[in-house]
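S.K.: Now for the letters of each chain:
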Amino acid sequence: MKAELRESLANYLIALGDDELILAHRDSEWAGHAPILEEDIAFANLALDELGHASAWYRLAAELLDEDPDRHPDQLVFWRPAAEFRNVRMVELPNGDWAFSMLRQYLFDASEQVRLSGLAHSEHPGLAQAAVKIRTEELYHLRHTSAWVRRLGLGTQQSNRKMQAALDLLHPNALQLFAESVSELELAQAGLVPRFDGLLSAWVALVTGDLTGCNLRIPDGISSKPAGRHEHTPHLELLVTEMQEVARLEAGAAW
Amino acid sequence: MTDTQWPRFQVFHQEQPDRPHTNVGAVHAPDAELALQNARDVFVRRPDCVSLWVAPADQIFSLTAEEIARSGVPPTSTAEGELQPYLVFIKRSQVGSHEHAGAVSATSGPTAVAEAASRFGKAEALVWWVVPERMIHRSEADQVGSLFGPAKDKPYRDQAFYHTTTLMRRIRGRPREEA
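So the sequences go chain by chain: U and A.
The working numbering applies: residue 1 is where the first sequence begins, and numbers increase by one.
The working numbering applies: residue 1001 is where the second sequence begins, and numbers increase by one.
Note that these hints are calculated values from the structure, not bench results.
Even for Gly, the Cβ is constructed at its ideal location relative to N, Cα and C.
Misleading hints may appear alongside valid ones.
[What the hints assert, rightly or not] Think about it this way: if two alpha-carbon atoms lie no more than 20 Å apart in a straight line, the pair counts; the simulated DMTMM-like pairs of lysine to aspartate or glutamate are: (1) K133/U to D1018/A; (2) K133/U to E1140/A; (3) K2/U to E84/U; (4) K1091/A to D1018/A; (5) K133/U to D1048/A; (6) K1122/A to D1142/A.
[To be verified] Which residues of chain A face chain U? A partial, calculated answer using Cβ under 10 Å: (7) E1015; (8) P1017; (9) D1018; (10) R1019; (11) P1020; (12) V1024; (13) H1028; (14) L1034; (15) Q1037; (16) G1096; (17) A1141; (18) S1146; (19) G1173.
[What the hints assert, rightly or not] Incomplete in silico selection of chain U near chain A, CB under 10 Å: (20) G32; (21) E39; (22) F43; (23) L46; (24) R86; (25) L139; (26) W148; (27) E180; (28) V182; (29) E186; (30) R229; (31) H230; (32) T233; (33) H235.
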């Protein structure tokens, strides 16, 4: 693989890892606060899974960058300034209510399903292998979150109203998951990652079917071009500061 | 006082394909599908598991050895309902859990226990549970990977993964073996 392509693929994977990491952090904030004990544990489990996926993507990126796959992920998570994170804005938004968090997790899980199906055919064997493994776990996520979306969407007037409010806010932001970049096009041409437009249409078909079946209305906004992954809300800086707080107390501490 | 909780479901897990399903506890859930998912999250975080069943607690008919000693085994002939398969779970020791013993055909909970007592023997049974088979919701074979795989290959979910425990022991000046 050409050096440029290696770097592009590493950046692509770091962006995927950042999505997983930041969402895992937001999910973990529900620990001890979820509306039901069982769901508290379930959401903590989802957070741990996403954290594991972030770690897998960061390790692959480290290998492509000739960095130590054991140490480089910590470097990326604890020593990178917030402005250098490449996660989509959807995952950094504060948790809001239960409907918002559940719908966000659902929209993200659906995007993972379509992306991982594509990545499973990557020309990079390590990446294809990781995608197959992660996809198995994501099947459970999607089953769990779509079960909740169905119950909240079709539940009471109040639960439906809260879900619709969450969808109106989240849907346009979710489109950023499929924002095209120049390097992504090159990676797709090399058969390393799936084409973004194919992913977008597969995702739209998947979530539109699910959500309209739950009495939820998809907001307009497919046509508007989403911002790039370097643009963040002020919420990310606060999240990253908290996440890095302990690590930064003492550089190089063993733990 | 009204119970504002969701209904309770008893959870049975199977550690190996050749081992019986064993009761591990209960979860609350609005329905059987979510009960199965909650059961996975609550009870399958670390140990091996190849299959999970959940059953609504209010559908389980329970009879203890004391009750049988006092009033005898219920008569087998009280044919009220329709004949249907019941799954039988037996608790055989005070510290043990209910273990799946097999299935019987019966028209009601009491007659299912009577049938089970004659089939599986009363000896050593402390508590009988019988539940109509159609009330049991099971994990499916194609869900095994997504339901139970993550617990196996994510060592960081286990507290033993974090060395702080051993460090604490060293701080306390205790050798590891004594712990």
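S.K.: Give a verdict on every hint.
M.R.: To see whether the hints hold, each was checked on the structure:
1. Of the supplied pair hints, the one linking K133/U and D1018/A is violated, its CA atoms being roughly 26 Å apart against a limit of 20 Å.
2. Simply put, K133/U and E1140/A have alpha-carbon atoms about 19 Å apart, close enough for the 20 Å limit, and the pair holds.
3. With a CA separation close to 24 Å, the supplied pair K2/U and E84/U exceeds the 20 Å bound.
4. Restraint check for K1091/A and D1018/A: satisfied, since their Cα atoms lie roughly 19 Å apart, inside the 20 Å limit.
5. Of the supplied pair hints, the one linking K133/U and D1048/A holds, its CA atoms being roughly 18 Å apart against a limit of 20 Å.
6. With a C-alpha separation of about 37 Å, the suggested pair K1122/A and D1142/A falls outside the 20 Å cut-off, and the hint is violated.
7. Interface restraint check: E1015/A against chain U, minimum CB-CB distance 19 Å, threshold 10 Å, status violated.
8. Checking P1017/A against chain U by beta carbon gives a least distance of about 19 Å; that is not within 10 Å, so the hint is violated.
9. At its closest, the beta carbon of D1018/A sits 24 Å from a beta carbon of chain U; the interface hint therefore is violated under the 10 Å criterion.
10. Hint on R1019/A is violated. Least Cβ distance to chain U is approximately 23 Å, over the 10 Å limit.
11. For P1020/A, the shortest C-beta to C-beta distance to chain U is roughly 25 Å, which exceeds 10 Å, and the interface hint is violated.
12. For V1024/A, the interface hint is violated, since its Cβ never comes within 10 Å of a Cβ in chain U; the closest pair sits about 14 Å apart.
13. Taking 10 Å as the C-beta cut-off, the interface hint given for H1028/A holds, the closest approach to chain U being about 6 Å.
14. Because the beta carbon of L1034/A sits about 6 Å from the nearest beta carbon in chain U, less than 10 Å, this interface hint is met.
15. Hint on Q1037/A holds. Least Cβ distance to chain U is approximately 5 Å, under the 10 Å limit.
16. Because the closest C-beta pair between G1096/A and chain U is about 25 Å apart, greater than 10 Å, the hint is violated.
17. This hint is violated: A1141/A has a C-beta 14 Å from the nearest C-beta of chain U, more than the 10 Å allowed.
18. Interface hint status for S1146/A: upheld, as the beta-carbon distance to the closest one in chain U is roughly 4 Å, under 10 Å.
19. Because the closest C-beta pair between G1173/A and chain U is about 20 Å apart, greater than 10 Å, the hint is violated.
20. Given hint, G32/U at the interface with chain A, is violated; its Cβ is 15 Å from that chain's nearest Cβ, farther than 10 Å.
21. Taking 10 Å as the C-beta cut-off, the interface hint given for E39/U holds, the closest approach to chain A being about 8 Å.
22. The closest approach between the C-beta of F43/U and any C-beta of chain A is roughly 9 Å, which is under the 10 Å cut-off, so the hint is satisfied.
23. Residue-level restraint check for L46/U holds (minimum Cβ-Cβ distance to chain A is 9 Å; threshold 10 Å).
24. Nearest Cβ of chain A to the Cβ of R86/U: about 24 Å, over the 10 Å cut. The hint is violated.
25. For L139/U, the interface hint holds, the least distance from its beta-carbon to any beta-carbon of chain A being 4 Å, beneath 10 Å.
26. Hint on W148/U holds. Least Cβ distance to chain A is approximately 8 Å, under the 10 Å limit.
27. The criterion of a C-beta within 10 Å of any C-beta in chain A is not met by E180/U, whose closest approach is roughly 30 Å, and the hint is violated.
28. For V182/U, the shortest C-beta to C-beta distance to chain A is roughly 35 Å, which exceeds 10 Å, and the interface hint is violated.
29. A distance limit of 10 Å between C-beta atoms decides the matter here; for E186/U the minimum to chain A is near 33 Å, and the interface restraint is violated.
30. Nearest Cβ of chain A to the Cβ of R229/U: about 27 Å, over the 10 Å cut. The hint is violated.
31. The interface hint given for H230/U is violated, since its Cβ lies 30 Å from the closest Cβ of chain A, which is over the 10 Å cut-off.
32. The closest approach between the C-beta of T233/U and any C-beta of chain A is roughly 29 Å, which is over the 10 Å cut-off, so the hint fails.
33. For H235/U, the interface hint is violated, since its Cβ never comes within 10 Å of a Cβ in chain A; the closest pair sits about 26 Å apart.
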